[in-house]
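Which chain is which? The protein sequence lines are L and X, in order.
Using the numbering used here, read the first sequence as starting at 321 and increasing by one per residue.
Using the numbering used here, read the second sequence as starting at 1116 and increasing by one per residue.
If you're looking for bench data, these hints aren't it; they were derived computationally from the structure.
Treat each hint with caution, since some may be false.
[Claimed, not checked] Which bits of chain X does chain L cover? Going by a derived footprint, with three or more residues having C-beta under 8 Å, they are: (1) 1199-1212; (2) 1265-1277; (3) 1297-1310; (4) 1333-1339; (5) 1350-1363.
[As the list claims (entries may be wrong)] Sample of chain X residues with no beta-carbon within 12 Å of chain L, all distances over it, derived: (6) V1134; (7) G1136; (8) A1153; (9) L1235; (10) F1280; (11) S1286; (12) G1322; (13) I1324; (14) A1330.
Just so you know, even glycine gets a beta-carbon here, dropped at the ideal spot from N, CA and C.
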Amino acid sequence: MLVTAAYAAGAEHATENSFPPFDSSTFSSQILWLAITFGLFYLFMSRVVLPRIGSILETRRDRIAQDLNEANRLKLESDQAFAAYEQELAEARSNAHEIAQTARDEAKADADAERAKVEAEVAGRLEKAEAEIAAVKSKALAEVDAIAVDTTSAIVEQLIGGTVTKARVTAAVKAAAEGRE
Amino acid sequence: MANDPIHQFQISKLIPIDVGGLDLSFTNSSLFMVATVAVASAFLFLTTSNRGMVPSRMQSISEMGYEFVASMLRDGAGSAGMRFFPMVFSLFMFVLVANLLGMFPYFFTITSHIIVTFMLSLLVIGTVVVYGFWKHGLGFLKLFVPSGIPMVLMPLVVLIEVISFLSRPISLSVRLFANMLAGHITLKVFAGFVTSLGAMGALGIGGAILPLFMAVALTGLEFLVAFLQAYVFAVLTCMYLNDALHPGH
């Protein structure tokens, strides 16, 4: 301010032609208006604008930190869920394996039993059939002898005109059958 | 007169005010101080009015300015320096917007007047001195006594330190003032060549091409200087404030 006063004293001598930035007659006015405008600017910045921008940045920083935490938490959760899923999958797989094994064993046992039953049945029928065949065969063979006796006595009767006793015919047929064999 | 490169720095009274022999007129300089403050305030206020979580382009410009100055101050003066953040931010924005407004043709550049830049640097140095003594008392004078200097050299070193401290407000203000002044004069001179050569006929128009390119290139350079000087002013402010906060070297 001392400087200003000193300059202001010589202000009248300043001429139009002097270099404007060094024209001291304008200093007082410039200092006053600079003080007013810059002072107001400073107040406006420090009271309104800077707190506002500061709070915007602060809020954003908090929000980002919060979002990151949330993301971490979710990632942890999804990791846990994935691990649980894998474990369940492994359990399910071993269960399925067990069930399949049991089913296979049961089916095999059933099939074996069935087959044994069927085989036994078939063997029984076969035996019965063989017995029947043997009975029929022996009966037929017995009848063959009777028919041969009857036929022989009939042929003899026709050829010689007399009768032969049944006992002789039977003996002859038997001898012939044995001779043929 | 139109080609006088000094004419653009002329101060003219718009509303004459005289208080007890002191000339306090509202001049074209005052008008552009008001304009600077209005433009800077309106931009910063309006672009941040939405308080967007996701910033719009304009809002991110304001946020970038904020973080730019904040990191500059934190690097220069430590986190204790953040108490001066409003002052450094205001200085940076005021000088930057004043410089940039001065780039408009026919606009007045308030930072091309030494008294303005000198007052701004006095504000900085005044803050440093007042805060330094208030915080550290006489310990602030340790600023002039670097540690680890032989006693023989001490008077010389202290003298140099004192001179360098006293020259700070001068260098701080002259740097900004001279850059803006010289830039605008150069621009005006080259632009003046273009018009005066162009008036000389066909040959003159051919010759005017070179200064025209110069004027275009200088305009780009001046925009850089406008930003750079505001930045330098703010960085030096941070460094000087660092002395007030931590006087021991």
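Verification of the hints:
1. 1199-1212: Answer holds; 7 residues pass the 8 Å Cβ test.
2. 1265-1277: violated (count 0)
3. 1297-1310: violated (count 0)
4. 1333-1339: violated (count 0)
5. 1350-1363: n = 0 at 8 Å, threshold three: violated.
6. V1134: violated (9 Å)
7. G1136: Given that some Cβ of chain L is not farther than 12 Å from that of G1136 of chain X, nearest at about 7 Å, it is violated.
8. A1153: violated (9 Å)
9. L1235: violated (8 Å)
10. F1280: holds (19 Å)
11. S1286: holds (17 Å)
12. G1322: holds (30 Å)
13. I1324: Its Cβ never comes within 12 Å of chain L, the nearest being 32 Å, so this holds.
14. A1330: holds (22 Å)
Consistency with the previously given hints fails for numbers 2, 3, 4, 5, 6, 7, 8, 9, ordered from lowest to highest.
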